[in-house]
Every structure is written in structure tokens, then in C-alpha cells.
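Novice: Here is how the chains run, residue by residue.
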Amino acid sequence: MSLGNSILVVDDVEINRALLVELFKDDYNVIEAENGTQALEIINSDNSITAVMLDLIMPVMDGMGVLSEMNRSGKIYRIPVFIITAADDAEMLSAAYGLGAVDIISKPFQMCFIKSRINNIIELYRHRNELAGMVEESVEKMSRLGGEMVETLATLIEFRDCESGEHVKRIRHITQILMTKISEMFPEYYVDKSGIEKIAMASILHDVGKIAIPDNILKKPGRLSPDEFDIMKIHTVKGCDILAEMPTDIMDHEVYRYSYDICRHHHERWDGRGYPDGLAGDEVSIWAQVVAVADVFDALTSTRVYKPAYSNEKAIEMINNGECGLFNPKVLKAFNEISAQIIKGSEE
Amino acid sequence: MGLFEDLAELGVDIDDAITRFMNNSALYEKMLKKLPKVVDDSAVIPYIENGDFETALSNAHNLKGVMGNLSISPLYKCYTEVMNLFRAGNREEARLIIEQNIELQQKVVDCILKYS
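If you're matching them up, the sequences are chains A and B in order. Each residue of the first sequence is one higher than the one before, counting from 31 in the numbering used here. Each residue of the second sequence is one higher than the one before, counting from 614 in the numbering used here.
Excised from the complex, chain A in its bound form:
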């Protein structure tokens, strides 16, 4: 008997089950069910089921009921289902195929043929499931590598900017909790958990364009002149240029889309007085608005070459007073709700 390989035989007539048991007992662990309900209980609780041999006309729950449920749960794509039936109703058999049955074997059947047909398909499914597992593993690995590369890139930029690399981690943290809070408080800005994860990941590339800013401006230990500030402003657009040059498969497509948007618009303001496009209100995506607040808060509470660090309380007060530009009142409301959490996070 092959390890962990079970075949489920579903038929209300004992003699039909006995025939199939005899046929497969040397190669598989054969499990029997008398009706569809019993079959589903076994399919849902026993991970060793490799194939199902299913009669169509049965009491309690018929074969079509089993197929429908396996189709709904997606199990039909992993476990081949063979219809073994004396029915020859073309409409019903066609519906069975439509629900995902892999083959229809009519009674009376030839035992040697049925064995070959079923073994061949089980082998194909086994191979396919193995490949699917390998693909899933590779995709996960690629995604993890992509994430690590993005983090490394963001950290390099921070080092260039004479920061420790902690800035991107803090921005990511604040973006995550602020976006979650906004999503809870304001249904119009709802983003699901997976989307928020991706936005948080994307946030760390918000300043990637700073790599294109000359050292004498980026590291100037004082206030920038208007001309220098104009050059500094182009880091938003340069960031998008850099992202546009990146290989498309280096990161998740959605993370890339969020990164691009955040890069360009994290210095826009609610009243349209930000840059580079002067967008106002909700012309700016909610994720770019969130990263804007996170970025300002972190800049205020960090020591920079041109200024000392403000306290968390002072920074929150300055943001609420519009001293760093105006923000969406709803974003500010959510920000104030989670300020204690942000302060706690910054002290850890």
C-alpha cells in the first residue's frame, strides 16, 4: 500500500463498493461511504484522500451534491473525482463534468480498464499537486526576496541621508497602524488587511528619490535656500523615475503601484499647497496622505543636520496646528486616536 494514499468509494450499494475495494485494496487504503453526506465528512476531515469514486444516484445526498460542495470549497481542483454510474442521462453527466468531475466511468465496467484509467489520473494529479506546491513555495520565496531587496534599498538611502535606517522602519510601523485605524473609522477609506500590509511595505520607498539629490543639498546643516529647496522637491519625481526603471518582477505588483503613488505624492497637502503636483483633498490617495503624516511626525521627532528632535507631544501639536502643512481632518482624527500607540512604539 502506498503511504498516506486513500481512495474514497462512495456508493449506496455494498456490492459496488466491494468491487472497487477489491480492485484497489492492494495499492491504496480504500475508505467507503454509503452516501454523499458521509463522503463529505470524510473528504473534509481526512487529508490522505487521493481520489474519490462517486456514484451519482444515492439517498441522503446524491453525487451531484458532493460535486457541488467540492467545487464550492475548491477541493475538486486537488482531488480527482471519478463518476462511476449506471446512469446515462446526458444532461446529468454533462452537469457532473461541469462541476469538475475528471472522468465518467459507466457501469458495467471492465476492472482492468478502470484500474488503469484511475491510476493514470491519480498519478497526474499527484504530479500536478507537487508542482503546484513547488510553484507556491517559489512565489513565496520570490515575494520574500523582493521584500528584502526593497528594505535593503530603502536602508541604503537612509544611510546616504545620514540616518540610521530606523526611519524607514518607523514610517512603516506608523503607516501600518494609522492606515488600519483609518480603515476602521472611515468606511470610505477601507483597505483590507492584506492591502494595508502592502501599503506599509510600499511606504519604506517613499524617499527613494533622495538618491538623486546632491550631497551639498541633502546633507546641508542649515535651512535650504529657495533654489536648493526646489531641487530637494524633485526627489518625489526622481523616486518615480527610479521605480519605473526597476525590473517589474522585483516586487509584488500592488506594492509597486502603492510605492509609485506614495513616492510621488507624500509631500502633497490637503489644501493643495504641497508638491510636486499641488493636488488637493482626496485627489491624493489615502495611503499617500497617511505616509505624509507619518513622514512629518518622524522628521519632527528625529534629530536632523539642520534641527534638534522635538518631543512626541510637541510634534503631535505641530501637526494638528498645521505647522507642517494641512492634512485631511479624518487622517488627523485617526492619528490622534493612535498617538499613544505611536509614542509607545517610538520609545521601544
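No lab work stands behind these hints, which were simulated from the structure alone. Don't be surprised by glycine CBs; every beta carbon is placed ideally from N, CA and C. Among the hints, a few may not be true.
[Stated by the list, open to error] Derived, one-sided and incomplete: chain A residues facing chain B with beta-carbon distance under 7 angstroms:
id, residue
1, 45
2, 51
3, 52
4, 87
5, 137
6, 138
7, 140
8, 141
9, 143
[To be verified] BS3-like cross-link-like pairs, simulated, lysine-lysine; straight-line CA separation at most 27 angstroms:
id, chain 1, residue 1, chain 2, residue 2
10, B, 647, A, 55
11, B, 727, A, 145
12, B, 647, A, 145
The hints should help you fit chain B onto chain A, whose structure is shown.
Specialist: Below, chain B alone, put in the same frame as chain A:
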């Protein structure tokens, strides 16, 4: 005379059955001996009379499958026709076909029981 010879006289296609069972005549005999219970559990006419056509259809379907797998050809032919008539809504004719074959069915069952 043995079981297979007696059944052959009743129209059972023994050669076809042995081929179907991959020359395993012992397995075929084992399965044949389960037939009396299936027939007992799958009466059709009483359900037609009670108006329970769903059960009548289900039982006729079961008998068709079993008779086919055991190569009991005349009865397989009978229940195939019964199923077709049921689907066409012709229940009275289906009942007639079963009645014409019920004696043969009983003989097959009795023959198997004699060797059980």
C-alpha cells in the same frame, strides 16, 4: 453442474464476467453471493404502487448497475429499459417490464442461494 454453469443456463454471460473480473473467478463468485441482498433491498414495484417514484427510480438504477457489473445480461437489459421508460415518464410500461422479468430474477437469486 456448478454455480457458473447453472447461471449460464439462465442467460448470465459467464465469459464476459470472468473477463470483467480480470480472470478472478473467486472474486466474481464472492460478488455474486452479495446479489440476493441487493435484490432484496432494491424492490421497485412496491414503490411504483405507493407512488414513491424517486425510490423506485433509485432502486432500478442500483439493480441496473449491479446486474451489469455481474454480467447478468437479461436483467441488465431489463433494468436499462426500465430506466429509459422511467425517464420518459412511462411508469406503467416500466412496471410491466419488471413483472415480465421478476421470475427470471428470482431464479438467479435462488440459484446463487443454492450455492451459498
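Novice: Next step is simple, just say for each hint if it's right about the structure.
Specialist: Verification of the hints:
At its closest, the beta carbon of residue 45 (chain A) sits 4 angstroms from a beta carbon of chain B; the interface hint therefore holds under the 7 angstroms criterion. Look at residue 51 (chain A): its Cβ only gets to about 11 angstroms from chain B, farther than 7 angstroms, so that hint breaks. A distance limit of 7 angstroms between C-beta atoms decides the matter here; for residue 52 (chain A) the minimum to chain B is near 6 angstroms, and the interface restraint holds. A least Cβ separation of about 5 angstroms between residue 87 (chain A) and chain B falls short of the 7 angstroms threshold, and the interface hint therefore holds.
Hint status for residue 137 (chain A) relative to chain B: holds, with the closest Cβ pair at about 4 angstroms, below 7 angstroms. Interface restraint check for residue 138 (chain A): the shortest CB-CB distance to chain B comes to about 3 angstroms, inside 7 angstroms, so the restraint holds. Among the interface hints, the one on residue 140 (chain A) holds; its C-beta lies about 5 angstroms from the nearest C-beta in chain B, closer than the 7 angstroms criterion. Contact between residue 141 (chain A) and chain B, as hinted, is supported at the beta carbon level, the nearest pair being about 5 angstroms apart and thus within 7 angstroms.
Look at residue 143 (chain A): its Cβ only gets to about 10 angstroms from chain B, farther than 7 angstroms, so that hint breaks. Distance restraint check for residue 647 (chain B) and residue 55 (chain A): the Cα-Cα separation of roughly 19 angstroms lies within the 27 angstroms cut-off, and the hinted pair is therefore satisfied. Restraint check: the Cα-Cα separation between residue 727 (chain B) and residue 145 (chain A) comes to about 32 angstroms, which exceeds 27 angstroms; the hinted pair is violated. Restraint check: the Cα-Cα separation between residue 647 (chain B) and residue 145 (chain A) comes to about 22 angstroms, which is no more than 27 angstroms; the hinted pair holds.
Of the numbered hints listed earlier, those contradicted by the structure are 2, 9 and 11.
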